[in-house]
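So the sequences go chain by chain: A and B. Taking this note's numbering, the leading residue of the first sequence gets 1, the next gets one more, and so forth. Taking this note's numbering, the leading residue of the second sequence gets 1001, the next gets one more, and so forth.
Incorrect hints may have been included.
Below, a sample of chain A positions facing chain B; criterion: calculated Cβ distance under 7 Å [claimed, not checked]:
1. D116
2. W117
3. V119
4. S149
5. Y161
6. G166
7. Q177
8. F179
9. K199
10. V201
Derived by calculation from the structure, the hints in this document are not laboratory data. All values reported here derive from a predicted model rather than from experimental measurement. Backbone N, C-alpha and C define an ideal beta-carbon position, used for all residues, glycine too.
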Amino acid sequence: MIHVWMLTILLGGTAFSSVENNGRGTRAIGLANAFVALSDNPWALYYNPAGIAAVPFPEISAFLIPQQFGMYELRTVAVAGVVPTALGTFAAGISQFGFSLYRETEISFGFGRRVDWGVSAGFVTHVSRIFIDQYGTTTIATIDVGLLSQVQEQVAVGFSYKNLLGAGFSSSERLPQVFALGTTYRPVPNVAAVVELEKDVRHPLVIKAGVEQTFLELLTLRAGVSNNPDKFSAGFGVRYSAFEFSYAGYSHAQLGWTHQIELTFRPGL
Amino acid sequence: MVRISFHALFLLTVPVALLAQVPIDTTRIDPESELERTLENATQDAEDSAQLEFLSDLLERPLDVNAATFEELTHIPGLTPMIAYNIMVRREAQRFTSLSQLLEVEGMTEDLFVRIRPFLHVETAGREPLALPFASARVRTRVVQDLQQRRGFIDGSFKGSSLKVYNRLTARSRTFGPKASFVEIGLLTEKDAGEQSLSDFVTGYVQADLRDYGTRLILGDFTVEAAEGLVFWRSIGFSKGAEVISTVKKGGAGIRPYLSTDESWYHRGVAVQMDFPILSVSGFYSSRPLHASIHANGEVTSFYTSGLFRTESELARRSTAHLTLLGGRVSSTLLKGLKVGASAYRATFDRQIVLSGDFGFRGRMSSLLGLDAHFANSSVSLFSEVARAPTNSIAAIVGAQLEPVNDLEFSIAARSYPRDFTSLYGYGFGESGNTQNESGVYAAARIRVNRWLTLSSYFDQFIFPWKTPAAHFPSRGNDWFLSGDIRLSDRLSLLLQYRHKNKPVDEFSRDPLGRSVEVVGERGQTNYRATLEYRSSIAFRVRTRLEVVNVRYQHSSKVERGFLAFHDIRYYPIPNLLVDARLMVFETDSYDSRVYEFESDLRGTFANPALFGKGVRWYLLTRYELGGIIDLWLKYAQTIKEGVKEMNSGPSLIQGNLDNRISLQLDIVL
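Given these sequences and hints, build the entire structure.
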């Protein structure tokens, strides 16, 4: 019974419930998803594709949400990787959300590149296959674009727009189109403060903010808040040679805590 | 709420941490971006194609800094009469041989120089290389297609095709004589969407600018602008805007050839201007058809000015009346910097005109006489104009602009346009745009606090001594504006603007007995705008803006809010190719809380759409320059609104929630 209720909330509001409601990547989630002006890891595919260009070395991450809102049915598994080349930086990701009655499988390809002094741009294509038991399957492709500008040594401004062409089930049932604008401020290199304004065309404005600090290049702690709905998040990451293990948790005002874990491998390091 | 204030505080501390005292780098300024900023400042609220076309024409045909008249110089946005005076003093002593010498002019700052530079050039007489043996020519062709079908095309009420076509040709002869005289012709044809013929609107002129004889002759279509526009102005000019100091003084430059798309505001006939050492005389005669709505008894009840002739009823208003106008202007420079003038006209209509309103123009003949005086030197400019209508109603405007020290400018103007003063061809400075039924005082200041901060502000108080379309009784209101331009670094700038306007409007209220009664209340609108602009190099500019609007009514508890955010880039991937793209998201409670956003368009045209409801709008504009001769422009724009089944209304109605359009333009310069 509670499963049906959860599905109704998730499907009735937005079709792509997994990213919009939750996010991907423990660093982004730990910062309350205020990631548009930071986006410097493979999960930039889901926040700001221009950030793909900011990843200096190849990197691959595996991410897991065992039980969103405490429900096993809402688990997400995702893998994303980034490869810098001379032409620009390529990124790809695969993720799967759901269970036997409802499943979203998404493959994403992104490209980011520096276009001018301190400015990079990027785009990503998501191809999503949605399966609903007794309803069938459908495949939808969307395109997101993004821009990231290092306007000052300590300040970056990021912009992204999801679903540029308004793809969806039909012209009256478009998938979410989300405009995000944010800034990152690094007073010193190991501290970053982020703020983001997010506006889904259909929903009220969401304001998010977060802060992270790295100690001795080993341990990073982060926390964030956002509104509409009110959420509080926290997380940490631990580095050991080429590997990093990180955790993030967030608390939804009505739906309780969600935990996520991630393992990242940076072969170049 | 604690969370919200944390965010707000954080957002405020970031810019403070970034302040740096760095001079601007003129090599980093892209003239198109400056023009866009100038035009955006000039048009706060409404679509005003005439002013934009004027400035865009000025960009294409920059003024010769050595030959431009004082009035022409003051038409450049930001160029005050005081600086224009200094330019003239400097060029009398020594002609300019290059534009950078303008920096030597007293009162000129680097900032101002960069903004005015696109509108000026140094003419070298008779030496310019021309592609054609005896002339230079410019051709422009533009085509605009709405991609969604409008109702007028589906139900057949629009008689013509949905393509909008514009063609324009200007050709100028090689200059001759020591003072660079020339002869020029211009021809323009335009077809709006829904009209039938490609030459639905045709305008043109032949101009002989014989500077060696101090004479100018125009045959064909022309406009007249005189002094402060009480008697003659070239169009529906803009009034208040972010250029707080210079908007208050118009400074008409006399007769000029007409080649715009407004189908009403021009004269057709012949105009002559003769300049003598201290006197300038111009006379003109115009005889042309007018488009008007005719009542059954043959009287004109209103003039039809939109220029759209698509449906049967619109076509029925075409050329239904006729106007003959005879007018002239005399101006004389009495002393250095002091100029006085007089303008007058007499217009005769072939029908009785009975315009609406208690004091709307009535009769078959209209005439006006105006006297004006202005004085300018390097620190002060004074101007005034007085005009008298046959009903003995007298309108006047008087004002001053001062620059007591280099970084401090003030302007002040008082206007009085009585309720029974009608000026058919004038457009005086003010709130309502009619040179009628308004009096007010405007005061403004602009302070360059230091290298990185400039503050501008104006305050305008206005009174409508008689009723207006919005309010049934005499009423009053005010308008004030404050802006801070913060240069955070040589690449980064932040512009913050605040505007609040109280305008009288009819509202319903309750009397002491609880009955609903109609009163004149007040509509208060507040706009907050923040724009962050980053120029990484001359090839790349990125900009982001947040705007919030708040509308409140005095007697009802109705409060409306609007919000808009956009991000845009202007990018030259290769030197000949420009890419300009913007994406905007907006949400406003209704049309009443709409937000206007000025956007780039094909050269010579601009868009300032009103955005309301919930939606997204984005556009992509590209320009490719071939060999300095051909310019190819392409623009695609679309607006998607959430939760609506139709957009626009009446014959322009579209089914669905998508409105998109594609435009193409070809410019050839020989």
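Proposed interface contact between A/K199 and chain B, which counts if any beta carbon pair is under 7 Å
holds (5 Å)
Chain B contact restraint for A/V119 - C-beta distance below 7 Å:
holds (5 Å)
Against chain B, is A/Q177 within 7 Å by beta-carbon distance?
Hint holds; A/Q177 Cβ to chain B Cβ min 6 Å, cut 7 Å.
The hint names A/S149 as touching chain B; please verify it with the least Cβ-Cβ distance against 7 Å.
A/S149 check passes; min Cβ-Cβ to chain B is 5 Å, inside 7 Å.
A/G166 as chain B interface residue, shortest Cβ-Cβ below 7 Å:
holds (6 Å)
Holds or violated: the hint that A/Y161 contacts chain B, with Cβ atoms closer than 7 Å.
holds (5 Å)
Restraint: A/D116 near chain B, CB-CB cut 7 Å. Satisfied or not?
Nearest chain B Cβ about 4 Å off; hint holds.
Should the hint that A/F179 touches chain B count as held when the rule is a Cβ pair under 7 Å?
holds (4 Å)
Should the interface hint for A/W117 be scored as holding, given a Cβ-Cβ cut-off of 7 Å against chain B?
Check passed: Cβ of A/W117 comes within 4 Å of chain B, closer than 7 Å.
Given a cut of 7 Å on the nearest C-beta pair, is the interface hint for A/V201 held or broken against chain B?
At 5 Å from the nearest chain B Cβ, A/V201 passes the 7 Å test, so the hint holds.
Of the numbered hints stated above, none is contradicted by the structure.
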